[in-house]
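Asker: What follows is the residue order along each chain.
Protein chains: 2
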Amino acid sequence: MLYSHRIDDALDAKVGKRGLPQVSLDRELGRAGAALDKFRRWKADGTLPLLSLPGRHDDLVELKPHAERFAKLEHVVVLGTGGSSLGGQTLLALKDQGFGPLAGRPKLWFMDNVDPSTLAELCARLPLQRTGLIVISKSGSTAETLAQFLTLLPEFEAKVGKAKLADHVVAITEPSDNALSRIAGRIGCPILDHDPRVGGRFSVLSLVGLLPAMIGGLDVEAVRAGAASVLDPVLQAGDARGLAPAIGAALSIGLARERGIGTTVLMPYCDRLGYFAFWYRQLWAESLGKGGHGTTPVRAMGTVDQHSQLQLYLGGPSDKMFTVLILDTAGQGKAIPAAALGGDKSLAYLENRSLGDLLLAEADATAATLVRNGRPTRVMRIATLDERVMGALLMHYMLETMFAAELLGIDAFDQPAVEEGKVLTRQYLSARVPSTRRQS
Amino acid sequence: MLYSHRIDDALDAKVGKRGLPQVSLDRELGRAGAALDKFRRWKADGTLPLLSLPGRHDDLVELKPHAERFAKLEHVVVLGTGGSSLGGQTLLALKDQGFGPLAGRPKLWFMDNVDPSTLAELCARLPLQRTGLIVISKSGSTAETLAQFLTLLPEFEAKVGKAKLADHVVAITEPSDNALSRIAGRIGCPILDHDPRVGGRFSVLSLVGLLPAMIGGLDVEAVRAGAASVLDPVLQAGDARGLAPAIGAALSIGLARERGIGTTVLMPYCDRLGYFAFWYRQLWAESLGKGGHGTTPVRAMGTVDQHSQLQLYLGGPSDKMFTVLILDTAGQGKAIPAAALGGDKSLAYLENRSLGDLLLAEADATAATLVRNGRPTRVMRIATLDERVMGALLMHYMLETMFAAELLGIDAFDQPAVEEGKVLTRQYLSARVPSTRRQS
Numbered sequence: 037m038l039y040s041h042r043i044d045d046a047l048d049a050k051v052g053k054r055g056l057p058q059v060s061l062d063r064e065l066g067r068a069g070a071a072l073d074k075f076r077r078w079k080a081d082g083t084l085p086l087l088s089l090p091g092r093h094d095d096l097v098e099l100k101p102h103a104e105r106f107a108k109l110e111h112v113v114v115l116g117t118g119g120s121s122l123g124g125q126t127l128l129a130l131k132d133q134g135f136g137p138l139a140g141r142p143k144l145w146f147m148d149n150v151d152p153s154t155l156a157e158l159c160a161r162l163p164l165q166r167t168g169l170i171v172i173s174k175s176g177s178t179a180e181t182l183a184q185f186l187t188l189l190p191e192f193e194a195k196v197g198k199a200k201l202a203d204h205v206v207a208i209t210e211p212s213d214n215a216l217s218r219i220a221g222r223i224g225c226p227i228l229d230h231d232p233r234v235g236g237r238f239s240v241l242s243l244v245g246l247l248p249a250m251i252g253g254l255d256v257e258a259v260r261a262g263a264a265s266v267l268d269p270v271l272q273a274g275d276a277r278g279l280a281p282a283i284g285a286a287l288s289i290g291l292a293r294e295r296g297i298g299t300t301v302l303m304p305y306c307d308r309l310g311y312f313a314f315w316y317r318q319l320w321a322e323s324l325g326k327g328g329h330g331t332t333p334v335r336a337m338g339t340v341d342q343h344s345q346l347q348l349y350l351g352g353p354s355d356k357m358f359t360v361l362i363l364d365t366a367g368q369g370k371a372i373p374a375a376a377l378g379g380d381k382s383l384a385y386l387e388n389r390s391l392g393d394l395l396l397a398e399a400d401a402t403a404a405t406l407v408r409n410g411r412p413t414r415v416m417r418i419a420t421l422d423e424r425v426m427g428a429l430l431m432h433y434m435l436e437t438m439f440a441a442e443l444l445g446i447d448a449f450d451q452p453a454v455e456e457g458k459v460l461t462r463q464y465l466s467a468r469v470p471s472t473r474r475q476s
Numbered sequence: 037m038l039y040s041h042r043i044d045d046a047l048d049a050k051v052g053k054r055g056l057p058q059v060s061l062d063r064e065l066g067r068a069g070a071a072l073d074k075f076r077r078w079k080a081d082g083t084l085p086l087l088s089l090p091g092r093h094d095d096l097v098e099l100k101p102h103a104e105r106f107a108k109l110e111h112v113v114v115l116g117t118g119g120s121s122l123g124g125q126t127l128l129a130l131k132d133q134g135f136g137p138l139a140g141r142p143k144l145w146f147m148d149n150v151d152p153s154t155l156a157e158l159c160a161r162l163p164l165q166r167t168g169l170i171v172i173s174k175s176g177s178t179a180e181t182l183a184q185f186l187t188l189l190p191e192f193e194a195k196v197g198k199a200k201l202a203d204h205v206v207a208i209t210e211p212s213d214n215a216l217s218r219i220a221g222r223i224g225c226p227i228l229d230h231d232p233r234v235g236g237r238f239s240v241l242s243l244v245g246l247l248p249a250m251i252g253g254l255d256v257e258a259v260r261a262g263a264a265s266v267l268d269p270v271l272q273a274g275d276a277r278g279l280a281p282a283i284g285a286a287l288s289i290g291l292a293r294e295r296g297i298g299t300t301v302l303m304p305y306c307d308r309l310g311y312f313a314f315w316y317r318q319l320w321a322e323s324l325g326k327g328g329h330g331t332t333p334v335r336a337m338g339t340v341d342q343h344s345q346l347q348l349y350l351g352g353p354s355d356k357m358f359t360v361l362i363l364d365t366a367g368q369g370k371a372i373p374a375a376a377l378g379g380d381k382s383l384a385y386l387e388n389r390s391l392g393d394l395l396l397a398e399a400d401a402t403a404a405t406l407v408r409n410g411r412p413t414r415v416m417r418i419a420t421l422d423e424r425v426m427g428a429l430l431m432h433y434m435l436e437t438m439f440a441a442e443l444l445g446i447d448a449f450d451q452p453a454v455e456e457g458k459v460l461t462r463q464y465l466s467a468r469v470p471s472t473r474r475q476s
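Protein chains in written order, with the numbering used here: chain A, 37 to 476; chain B, 37 to 476.
Just so you know, not all the hints are guaranteed correct.
Copies of one chain are not kept apart here, so a pair can be met inside one copy or by any two copies together.
As the list claims (entries may be wrong) - Taking lysine to aspartate or glutamate and the DMTMM-like style, the derived pairs with C-alpha atoms no more than 25 Å apart in a straight line are:
no. : residue 1 : residue 2
1   : Lys131    : Glu191
2   : Lys143    : Glu104
3   : Lys198    : Asp380
4   : Lys195    : Glu387
5   : Lys50     : Asp355
6   : Lys131    : Glu157
No lab work stands behind these hints, which were simulated from the structure alone.
Using the sequences and the hints given, assemble the complete structure.
Answerer: Given below as structure tokens:
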């Protein structure tokens, strides 16, 4: 296992009345077992290609020339929102911690919003003639992504020339006649197929996440191998009792059902997992938030949110479960020598300790403090963070979300509630009255 | 008023059974009025210097030479976590949207975590000989900030030389003999006074937020003027009924008390307000999360989180109130000409519309959709976003949080629950056993 998964501190035996009784966990796990045959069937009949992606190589071979072409540029702008953006951002965080890309690789910019001010900055600051553009929309009709694309196209054309425009753009969309594929067709740029059966929030292991990752210099085969290491035991299991993703789902749903735990906090102690927690937030919220079901996922960051949210977690209402995700950073970073403390006794606890020691001690201390205060707490640990481990974590949470949906009896893969707002947006845009006046 | 504040869509008359009855709002507002005399007294007797900051200039004059000195560098690293970091980040987002600083200004890096991997990247990538360091800890004993400082000091010393080290560093801490002031004393760098009566999460209008802002090129006088425009009417009011911050607090607390609304979502439709929402998240959580009270603040971003969280907001449990914060972006960005659509009828709604039109239409549509689905929704609108408006929003939320604390009968300014974890961290660090083994 590329990670460990410990839920004892979320059970009532350990944490008191807000914890889940073992018998309830077992009951949920028994029900989760029923999903195993379904998942196997979904893989076999192609209903859920996600379950085949970890074992595939052929599609990566097809992707390679596009990645290599874009890897020679200075910048790559990824247009896409939600699931079209968060997977790539999650993976890239392994190689770019905000100080720039790997040597010899382009800087990737994920533009997931339609704020005109941000787009204007982008156009003013980036050398578009040395910049590539990846446009991702599964349906090919995402208003935000199309509007961004149509806004940026003339800027790119002005800088790189009409003849070379196609070399700077790649579109990723379903193989259908849609607005994105039509625009791409007019430009003459490559159009790569987004599998229609892989929804955006489950698309990180497909080209949606992996093309940006390849351009950024990640070992994407390792990402898939890590995912396979979590998926394979699930697809081979006779029951759900030994499966971490099923146990996690049973815990979450049990706590929601029996203890009114309406919020689930994911708190990694590792900066490179900051986007991962945002990715999880979408996955969980959008998959389970329907029919009155679903818990609210919260992304926290250790140690930062000890100074921002921990007071609420410990002193506020006990309506949350916690997952503390701990990277073993013991000994990482330079140890602070005794001399640096200048004989200051108040700093003795830092003597010969490194930032990694401190980060790990804080993670352990926060988990222990949550438990001591009766908060149901799950601890996941990883020894290192690389592509394989990231792949494992991604697959863990996709499976945990799928198990949770089965326990709730809902469809993890649709998002029925958001259509109303899209229709209204188009009405407002078409109206002649400025929309600011409409509501005032 | 630099912003408008409309809560009609959060009342039961408009939104049904999850909304607050007018009579309940009036009752909470009546109680909020009792806080007005207290706030005036806190200002007059110096208990709460925050309430005097918007009217001050003298401290900015003192700050100016330090800001000017650092403004000549290429990079400035700010060490500090929680309230020592979020205020500065919030303000800087007005001038640096991720593509780099204002022309002629240094790039500011807010290092709020102790991840050894991130610090190593910083040291490897930044030219420390052209980099300044601002170290902020009110108490002067924040473990994370001190450990960062002690880790970076040798790196700086190696690059800039011992003789010039003091020119590269400024410390901000309480005027007391503490670990930070002692280290700074040994280096011989300037030590600027952090007012002990201005807590971290309320410090954005003090030098903690304003020194980074001045270095980054913001008009900090305008920030304070904006704050004053919200504060002054509160300090002059006879009752709370016309005061937006009091109305907001009464709404939040009333909904929590009477409707079980345990989560409050702040969703700005403006990238530059992304850090503002994180700043709010700390302010609200840490001030109110005590004694079993407090609601969970959630930071969302429009339009991005329509593709990530909106399904949960509309289809999940109705346990949230929403604040949609809308910037009037009508007409901003280049309009998409009809020709760009290539005759594609599915794109007709974008014809002659700009990204700003789309962003505004989506904000209005999302607010309307939330209301149609019975979700209590507050709408705040700003016509533009500059330093004055940012100052107004910051003061609104500080006052709203203070009113909310008064309504709950709790102290907004302490954070009693987090001490246990700090003690445990030091114990774990001092122990000889690696902490990973302790819990496995």
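Asker: Looking back at the numbered hints, which does the structure fail to meet, lowest number first?
Answerer: Of the numbered hints, all hold.
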